[in-house]
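Work out the full structure: start from the sequences and follow the hints.
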Amino acid sequence: MARYNPKEVEPRWRAAWDEAGVFRTRTPEQAAGKPKYYVLEMFPYPSGNIHMGHARNYVMGDVVARYKRAKGFNVLHPMGWDAFGMPAENAAMERGVHPKAWTWQNIDNMRAQLKLLGLSIDWEREFATCDPAYYGRQQRWFLDLFRRGLVYRKEGVVNWDPVDQTVLANEQVIDGRGWRSGALVEKRKLSQWFLRITDYAEELLEGLGGLDRWPEKVRLMQENWIGKSRGLQFRFDFAGEAPAGFESGIEVYTTRPDTLFGASFVGIAPDHPLAEALAAESPDIAAFVEEARRGGATEAEIETGEKKGVFTGLYVEHPFEPGRRLPVWIANFILMHYGTGAIFACPAHDQRDLDFCRKYDLPVLPVVLPPGEDPGSFNIDQEAYTGPGTLYNSAFLDGMDTETGLAEAIRRMEALGRGRGTTVWRLRDWGVSRQRYWGCPIPIANCATCGPVPAADLPVVLPDDVSFDVPGNPLVRHPSWKHTTCPSCGAAAERETDTLDTFVDSSWYFARFANPAAEPPIDTAAADYWLPVDQYIGGVEHAILHLLYARFVTRALTDAGWTSVREPFAGLFTQGMVTHETYRADDGKWVEPTDVEVETVDGRRVARRLSTGETLKIGDVEKMSKSKKNVVAPEEILDAYGVDAGRLFVLSDSPPERDVQWTTGGVEGSWRFVNRVWAEFDGLPEGEVPAADADAAQALRRATHKAIKAVGDGFESFRFNSAIARLYEFVNVLKAAPVEQTGSQARREALSALARLVAPIVPHLAEACWERLGESGMAVDAPWPAFDPALAVDEEIALPVQVNGKRRGELKVRPGTPEKEVEQIALSDEAVKRHLEGLSVRKVIVVRDRIVNIVAG
RNA sequence: GCGGACGUGGCGGAACCGGUAGACGCAGCAGACUUAAAAUCUGUCGGCCCCAGGCCGUCCGGGUUCGAGUCCCGGCGUCCGCACCA
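Counting from -14, one number per residue, gives the positions in the first sequence under this note's numbering.
Check the hints yourself; a few may be wrong.
The calculated lysine-lysine pairs, modelled on DSSO-like cross-linking and capped at a C-alpha distance of 27 angstroms, are [stated by the list, open to error]:
(1) Lys574 / Lys694
(2) Lys691 / Lys797
(3) Lys85 / Lys56
(4) Lys611 / Lys574
(5) Lys56 / Lys691
(6) Lys574 / Lys613
(7) Lys694 / Lys19
(8) Lys172 / Lys293
(9) Lys467 / Lys174
(10) Lys(-8) / Lys21
(11) Lys19 / Lys(-8)
Just the calculated beta-carbon pair ranges, DEER-fashion [stated by the list, open to error]:
(12) Pro640 / Leu669: 32 to 38 angstroms
(13) Arg343 / Val583: 53 to 59 angstroms
(14) Gly650 / Gly604: 16 to 22 angstroms
Honestly, the hints are just simulated from the structure, not real lab data.
Being a predicted model, the structure only gives us computed values, none of them experimental.
Ideal placement from N, C-alpha and C gives every residue a C-beta, glycine not left out.
As structure tokens, then:
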């Protein structure tokens, strides 16, 4: 028999799918009542090449898409490009290519690579976010949000690279220096555009509760990120004369108003307005504020979390104890952007406050007595007590438990009119300004008289004639682009030169896929039909940012009337990475796997470099990365084993949410399986062959239906590795049951099912098998094989018998045999009897069709 | 520090609601085919012993249960996320 030849078979079937247009999405009308199913993988950034991580991601989505298609769903499975971003500009600076040319070149390259994977994608819906046809529509809804008050401009503190003249993202600041320039990064106040995501904080938090098809982990991460906290905001009045402009005292926020009587000082953030006002008059304070602003401190200080502060010379009065004065300090551990940027410190019951007070010799007064402690002897040394207890040293709160005291303190403060119970969020508004060229221009015109006004003619298109020979944003120094007229008053105005964070681009693309040709940003009818995405698949690294932004933007767009679906992703799956062993030569240099041969010598694995023959050190298994040179490119695999073997392997060895280790042996195993499946379809007799062994025929039929059930369940529940294991077992059964025994009918049934069961994973092979079976049409269009539970039932099952919990024998019984009967058979079993010798049976536990346990003593 | 996940053969992993631990694959070992190798096929493959049998065994120590990889309590370890959030 001819060996399976993927190089011939695979391209042929891809062409056949293409020609028949099988992956073209059907409209609801064409789908004629089929339920819809939207499968989406996080779209790639066009970096240049498809790597194994991409491949695994898209293959998983493809399995789901193909399976759902076979199950009778109307499937949407599109692909696009998250095409704006810094790497394109870096390429421009380093190699003099235009970002646009570089990006589109990469897209062409990666599209071709992706197509080789045989994905069931509707390529007619493809788009790239750097296309004005896409980002122009993004500008359109951005202005909708602007008009709805969800977009605003304010001064924000940013990381500024003084050499490259640009803002850097937090991830781009390494050890306080710009990742490209190596220059010390400054904190700078810049006017920035923000999206009011905090307006949706409550809803985004509550919505998490309904996301029962999301990983628990991701929901928790978002919950923590949103960070809802309830507490008390109240005012401290100055003792004596207040500094000018601060006559209304200092507003602080606390979650522990119950500990108010243990207050030692009031602290404010270094960038608190009061601190800045005081800095103007005191060089000491100015120096401290300046140091804190420079990213706080040295690295060592951040590591150890050293608390530092400076006394302002000011005092405030304790709100519950007139006459008791508390000093006001500026402290480096207080954040301006959380709460009110000011706190009261209770050192006995907060570790940071305690550290600070010990350092500056401030009083520590315990007010919460832990259960079982004696008020006379309880003491705080270097560790704060943050748990619950009974309040003491606290006037009217004395004797209350912490929870009651907390409520009482809030009630009293509200009665005094000095504060109120409030909710504070960790989540901050989303700064979307980037001083970058390769992004979506913010469609705003800045007019001297009218202020920022929506740009008139959309799309605001990026100019092509820009240069990257000087650092900074080319849009700013472009000779003409930014000059425009005010759409409101007609006077000369300047275009906004900031572009949008690329996370904006990816926060609505799934809605655009519903109809990427639509004139409005979102085709409401199409979006309402397709959304939410039923199954979204991508890496955990997007657990917070992308997924939170997308949830926010979808809600904002819903409120703007573009669609009625508020929650974009009903099901989320986060897949693991593709890893590989690392190899290192004696000189410390990493060696690529293609140049390595690993052998087992005396039970030990030894790596050898093929090109030189030298022995290599086998290192850790790590994420494939260029720096460790442990990358295996998809092309290499396709070339050696074909697409299907590669698709099979990335799914087979590990559960999909976990990392999978790429091994040569593993792919070879998958390649073997491909051939074994193919071999089963060989030599099917022309006419009918009667079953020589009726039991064998029955057994094969049972195995077939068990496989249909198990594989389907595996696909439904994202246990691809288990589904594949069941397929291997099924093929093993087929192999051991020659057609002479089973007859051609049972075998044809089995093969027909097998071709369809493997189709989502190894679609090309499935087509070849389907064709060989002589079936009409293509496997891709064939319905999922029907499962008949009656046919999957075993005639006889092996029932283990335990004596006192230890397995002592095995019974063969028909499924469903009544407990009484099983008990009798078990007690009369020879092996069991032997173990019961000298013992009296106390109790017999029979779990139907599972196990028998005889308790004897 | 806070939050979470995980810990099973030489390796990746399986085991649904507490019911035969180690499915399936990789590596290994033995054999068949071959002049030979590769490929393929067959068998074997947790440890130990007095080997048709038995004992031990799912990170460690307890507990619940007729029965625990699975549930509970207490440790140890690994990984991930957030991190001065008042």
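Going through the hints against the structure:
1. Lys574 / Lys694: 50 angstroms, violated
2. Lys691 / Lys797: Distance ~20 angstroms between lysine 691 and lysine 797 Cα, so the pair holds.
3. Lys85 / Lys56: 41 angstroms, violated
4. Lys611 / Lys574: 12 angstroms, holds
5. Lys56 / Lys691: Given that 27 angstroms is the threshold and the Cα spacing comes to 17 angstroms, the pair holds.
6. Lys574 / Lys613: Holds - the C-alpha atoms of lysine 613 and lysine 574 are around 9 angstroms apart, at most 27 angstroms.
7. Lys694 / Lys19: 22 angstroms, holds
8. Lys172 / Lys293: 19 angstroms, holds
9. Lys467 / Lys174: Between lysine 467 and lysine 174 the Cα gap is close to 22 angstroms, so the pair holds against 27 angstroms.
10. Lys(-8) / Lys21: Given that 27 angstroms is the threshold and the Cα spacing comes to 34 angstroms, the pair is violated.
11. Lys19 / Lys(-8): Violated: lysine 19 and lysine -8 sit about 36 angstroms apart, past 27 angstroms.
12. Pro640 / Leu669: 32 to 38 angstroms: Cβ of proline 640 to Cβ of leucine 669: about 35 angstroms, so the range 32 to 38 angstroms holds.
13. Arg343 / Val583: 53 to 59 angstroms: For valine 583 against arginine 343, whose Cβ atoms are near 56 angstroms apart, the range 53 to 59 angstroms holds.
14. Gly650 / Gly604: 16 to 22 angstroms: Check passed, 18 angstroms falls within 16 to 22 angstroms.
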